[in-house]
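Participant: Residue numbers (this note's numbering), protein chains in the order written: chain A, 1 to 489; chain B, 1 to 508.
These are calculated hints, taken from the structure and not from any lab test.
Don't be surprised by glycine CBs; every beta carbon is placed ideally from N, CA and C.
Each hint can be trusted.
To spell it out: a stretch of chain B is covered by chain A in this simulated footprint if at least three of its residues, at any positions, have a beta carbon under 8 Å from a beta carbon of chain A; those stretches are:
#: 1; segment: 72-78
#: 2; segment: 184-194
Covered stretches of chain A, going by a simulated chain B footprint (3 or more residues, C-beta under 8 Å):
#: 3; segment: 398-412
#: 4; segment: 416-426
Anything over 10 Å on all C-beta distances counts as not near chain A; from chain B, calculated:
#: 5; residue: Lys107
#: 6; residue: Ala208
#: 7; residue: Gly242
#: 8; residue: Val289
#: 9; residue: Leu471
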Amino acid sequence: MSDVANHGVLTTLLAISPLILVCLTVIVVMLSIAWKRNHALSAILTAVGLNAALLALLFGWTLGSVDVTSVLVVDDLSRFGGVLVLMSTLACVTLAHHYLEGYEGPRDEFYLLLTSAAAGGLVLVSARHMTTLFFGIELLSMPLFGMLAYTFRDRGALESGIKYMVLSAAATAFLLFGMALLYAVTGTLDFAELGAALSARGSDPWLLAGAGLLLVGLAFKLSIVPFHLWTPDVYQGGPGPATTFLATASKVAVFLVLLRLFQSTLAFHENWWHDLLGFIAVITMLVGNLLALTQNDLKRLLGYSSIAHFGYLLVALVVNQGLAVETVGIYLVTYVLTTLGAFGVVTLVSSPYIATGGTADASPLHHYRGLFWRRPYLTAVMTVSMLSLAGIPFTAGFIGKFYIIAVGVEAHRWWLVGSVVVGSAIGLYYYLRVMVTLFLHEPGMQRRDATHDWAERAGGMVVLGVATLVILLGLYPTPMINWVNWVAG
Amino acid sequence: MTLVWLILIPFIGGLLCWQAERFGDQAPRWIALGTMLLELVMVLGLWVSSDFQLPAEGAASVWTLEWQADWIPRFGIQLHLAIDGLSLLMIALTGLLGAMAVVCSWKEIVRRVGFFHLNLLWILGGVVGVFLAIDLFLFFLFWEMMLVPMYFLIALWGHSGSQGSSRIGAATKFFIYTQASGLLMLIAILGLVFAHHGATGEYTFAYADLLNTPLSETTAWWLMLGFFVAFAVKLPVVPLHGWLPDAHAQAPTAGSVDLAGILLKTAAYGMLRFALPLFPEASQAFAPVAMTLGLIGIFYGAILACGQQDLKRLIAYTSISHMGFVLIGIYAGTELALQGVVALMVAHAFSAAGLFILSGQLYERLHTRDMRQMGGLWGRIRGLPGFALVFVAASLGLPGTANFVGEFMVMFGAFGVAPWVVVIASAGLILAAVYSLFIMQRVYYGPPVEETPLAGLDRRETILLFGIVALVVFFGIYPQPLLDTSAGAMQVVQQSVQQAAVMTGGAQ
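Excised from the complex, chain A in its bound form (with noise of 0.2 Å):
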């Protein structure tokens, strides 16, 4: 291709460095397993190498876009991405490391798993064929089937990771039905190619069903109604880091790589293919936030609430103008370090891992009644996430929101952000449940606990991190802004 001879190789190999690094990071971490099992080391190699990783990314910023083959590219979009994933996997990391402390099996290999899927992670980012974007899924996911049912002995865990493999198998069937179908009438797979091609017969029915197969399959991995039923089940049975990862790192790399389908390939012109789009953002809202009234599961509640945040998220995607990329990032910033500070603190909570048999988590709400009055500070990190999901000011939720409100009034899409306030109204009352949950003083049942000394270890500092950060960008978000202007820019 001619657009690979523009580059150096070392420019190249700079531009790709941080996915080498964390490729190498897994070997580093077998190798060092195979010689001698040591569950510290295992854990700070993973850290190491995936802070190089992200240190190679931000030096690699200055490259501009880099097409590495025809297959990636290396430009803002995809180092943003980059950035998220690599950060949300260095937050699991530290949450794994306390986690596994109790857990008896080998705990090493977990990081092997979760440095692929990141691996994966990076590659789909960075995805412009779509080879590339089956590639990228797949590694994302089939580490992810292993840790989510990493404590197999529970039947929670070991239900949950085979539920996500078997609708991740189905996922996989339609995206590649979709990419069939695509390949067969255009006869190419470039995301460029393929939009050129949609917008010159776009209503060639075999090119429709391509798309909207493909569509499927990544509505299966973002859990957009009505691909979500996996959701609620997958997230209450994982361990707790696991559950961090999926929700996180793997959900932003795949809408990332369906931003970049919509900038390129998915542009369609006809209405009612807005619309369409714009009624399953509506449901996804409506059912996510519907569904999460009746939980009594603290991870549950978080998979349906995610299951709203991306219905708010599709808002974007629908206006697909203006201001839309510029929204899809701060929002999915935000996201990540909102959903980092909840389940970071339902994961410290369920800290040292203690077999049940049943679910292992604490995840349960009433275990966390009356946590304020004994850990005060994690209890704050969790009243100040789930005012961020509720979108309440002086959060980063609320910028994120703000957006998604500004994004929908500026397109006049009247309906969508209708349903963004009445998803709004609706969410509060969850929202609220768990954090007065967090401050009633009664006699909880089967109370569990942070260990006395959570603040002190890697995980609890991220969380508490995370949480000033949340706060901060609340109070000034402008920095954020600003890179994500540049990013989107």
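With chain A's structure known, arrange chain B on it following the hints.
Facilitator: Chain B only, in chain A's frame:
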């Protein structure tokens, strides 16, 4: 910087209270009281040292004091605070009622004292922010932010309701009502900003810039409705009042005092500051509807108040009734009526706070708010019933109290604009007399349930109540200081209404 400190002081004081809990229960109380008194002194200092006359034509700014800094340049959002006579009065009220709220919960709140005062002071900080912010984004932020501590106040220190309604339910209802309507206002704000962006090509949330946004008639109408609904929920206007009786009934005394005394006033303030001046023509067209809603509120609140068994619910419904007058006054738009609204807001803050404090004190002694279990208290509690009589008289608008001044000015000012509305509204005054006397009759007169005397008022309670009575009577006899202060701000509102009337009149 004074303005920034006005906002920061309650927030910092709240954090201090929280941390001071480790030094015992008294420390947070004194710190909270000191914080609110400091706030009050600062505002009063500002009041004495400033001039609230409107500056001459063509002056750079209509504000007495202004402060601004860049915040989010991407959207032209600034930290922009300003004070004029209206906001100054409201902030003084906030400081005063804040101090009263601290004093009246001195003995009521015994658990988690530090965290309680953190929430109490943060509400007040948020309210001060609402009164000072003139960047619409900042205004919205404070508007929503003050809900969170109020939620905690009701949910954690509230009373469980009589008929199985829980305090958490009431708090959630309050939060969802106000937050959802607030989001409608956010949409309206954004609509206005984008309209301004479309006309001028630049983003701004500044009040002064948005005032002159050219809007089509329908757009203005919808945006005005967005603002109106948010304020109407908080005021509250029937039929958006559902949260109020529950929230009041379940809230601790300090919560009720703040809710009735200050939070409701933020809504009236919002209408005066934003809804009317930003959309004068649409508001002018909407005025008949708003006044009708005000009338409905007056009667609905009064009639339902008559049927309540729960003392705090009764007072809550009377608030709805009084706020009906406020709404009529605001949309009448004459200078007299607007000045009456200011007087009525201040007066209602005192009388409602007084009644809520009294019912809190009754609750401390009787452990019930059910009026069926009261009766004949006049002989059993020393001092308290006398104060009750004063506040009840104020609530029904007896001449000599500040409430009379306010109601009279509203009616007088509105008569020229909407005579029939005033005629019907004055019938509501009779109902006010009925429910007010109901309170006296059911609680203090009649056969006593028991004969044992109850604890009389202690020094703290007496001073507190005396203070409020003195203010009610003082402003009833000599309301001029209030009116002088707010005159400039009200003239601005009145001019925008008048211009709209001329323009719509010219169009017809």
